[in-house]
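Produce the complete structure using the sequences and hints provided.
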Amino acid sequence: MRRRTVCGVLALAAACGVGLGAACAVLAGRQIFVSEARLISALGRAPSVPAALSAAASADPEAGREILERTGYTAAWYISQNAGWLTALCCALCLVIACSALLCIRWARRRQQARIDGLRAYLVAAGKGEESVLPHAEDSFSQLEDEIYKTVSELRLTREQAVHEKQTLADNLADIAHQIKTPLTSMRLLTDLLPRGNPADADCLRRLDAQTDRLEALVGALLTLSRLDAGALRLERRPQALADLVLRAAEPIEAQMQERGIALQCQVPEKICLPLDAMWTAEALLNLLKNCAEHTPSGGCITVTARDTPIFTVLTVTDTGPGFAPADLPHLFERFYRGERAREGGLGIGLALAQSILRAQDAEIRAGNAPAGGAQFTVKFYKTPPAPQAAAHAGHVEKR
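Each residue of the sequence shown is one higher than the one before, starting from 1 at the first, in the numbering used here.
Among the clues, some could well be false.
List of simulated lysine-lysine pairs, DSS-like, C-alpha gap at most 30 angstroms [said to hold, decoys possible]:
id	residue 1	residue 2
1	K128	K150
2	K166	K150
3	K383	K166
4	K383	K271
5	K380	K166
6	K128	K380
7	K166	K128
8	K150	K271
9	K128	K383
Label pairs and their computed distance ranges (CB to CB) [said to hold, decoys possible]:
id	residue 1	residue 2	range
10	Y337	T305	22 to 28 angstroms
11	A210	D175	23 to 29 angstroms
12	I272	R207	39 to 45 angstroms
13	C99	I272	56 to 62 angstroms
14	V96	G127	45 to 51 angstroms
Just so you know, the hints here were simulated from the structure itself, not pulled from any lab data.
C-beta atoms are modelled at their ideal positions from N, C-alpha and C, and glycine is treated no differently.
Right, dumping it as structure tokens:
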């Protein structure tokens, strides 16, 4: 309970005590004055003191009142004599009642808060998938407690079913990918053995090689995604220099970029080191750089910058291409989505794969258009795991 509220209640109780004490003092003083006046009147007429005491209750107080007032013992004098102790007594009584009420209210609130904390702890434990005992008590929260238990039980069952279905889907996807990989290897060997003397046959074989490469890339991506979905992909997170990871990611497309005259400007400070899996983080960054390289015109530039904050490290990848179409922004990280400006032969799975790899390392990725034009990817590597709300929205897009 707030101190201001307590002070207000105590002040109100003291004011009530003062008013009640003043009223009691007035009533008591007047009653004592009348009793004294009757006793004095009875003493003047009765032969003895005992007889006067017996007759005082029915005696006329007028004669005694005149005597008392002449000697200065007025009703106001009797009121002033009793006002102090009666007011103090009433104030003390009101304060005791107020303090008792405040203590009862505080005890009730603490008990209520303890019940709320117990229900909150149960919900937190249930959200983490940890078994917990729901505290039970017969009070005003009993109905809410029953509804929470029913809801959590249903959610737990739904989550278990979803996890099982996801695991089944990932296993089936991995099995299919493995089954496809075997005939792909045979196709690759057979195409290598075919003669290439005829120009027409050579062109067909070149196209067949390209489609085989595409299938192999698709199978590899599906295998990686299935392992990520199933939680079977082991990430060895060790301190890595972020600048080295960017350069390592750019190596596979370095020849392609040089052929088209695309410059890569890596402006990442050497001192930034993060606990990341080197191989898979480089794979994720490769998909970002590859996307930028495919949409950057010849002679363009791809810029990679980074800055460190107490909460996260921000890595930004910007190109000088046309940027993303507004209609594509909400769907960029969807699997197998190919936008309006997607290159021919693309799989539409690179950004989804990058998102899954980064999310598994407590990072989130955004995509949007840079203020000066061109596409821009922003990756936040959190130094502590992000909140569930932030993790749920990781990989969304933004229009700048």
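Status of each hint after checking the structure:
For the hint pairing K128 with K150, the CA-to-CA distance comes to about 17 angstroms; that is within 30 angstroms, so the pair holds. About 24 angstroms separates the Cα atoms of K166 and K150, which keeps this hinted pair within 30 angstroms; it holds. The suggested pairing of K383 with K166 holds, with an alpha-carbon distance near 29 angstroms, which does not exceed 30 angstroms. The hinted pair formed by K383 and K271 meets the criterion: a straight-line CA distance of about 15 angstroms does not exceed 30 angstroms.
At most 30 angstroms may separate the alpha-carbon atoms for a hinted pair to count; K380 and K166 meet this at roughly 27 angstroms. Between K128 and K380 the CA atoms are separated by roughly 24 angstroms; this keeps the pair inside 30 angstroms, and the hint holds. Restraint check for K166 and K128: satisfied, since their Cα atoms lie roughly 18 angstroms apart, inside the 30 angstroms limit. Taken as a hint, the K150 and K271 pair is broken in the structure, with Cα atoms around 52 angstroms apart against an allowance of 30 angstroms.
Distance hint between K128 and K383 is fulfilled; the C-alpha atoms sit about 21 angstroms from each other, no more than 30 angstroms. Checking the proposed 22 to 28 angstroms range against Y337 and T305 shows it holds: the Cβ atoms sit about 27 angstroms from each other. For the hinted restraint 23 to 29 angstroms between A210 and D175, the CB-CB distance of approximately 26 angstroms keeps it satisfied. For I272 paired with R207, a C-beta distance near 44 angstroms keeps the hint of 39 to 45 angstroms intact.
For C99 and I272, the Cβ-Cβ distance of about 60 angstroms falls inside the hinted range of 56 to 62 angstroms, so the restraint holds. In this structure the hint that V96 and G127 lie 45 to 51 angstroms apart at CB holds, the actual value being about 46 angstroms.
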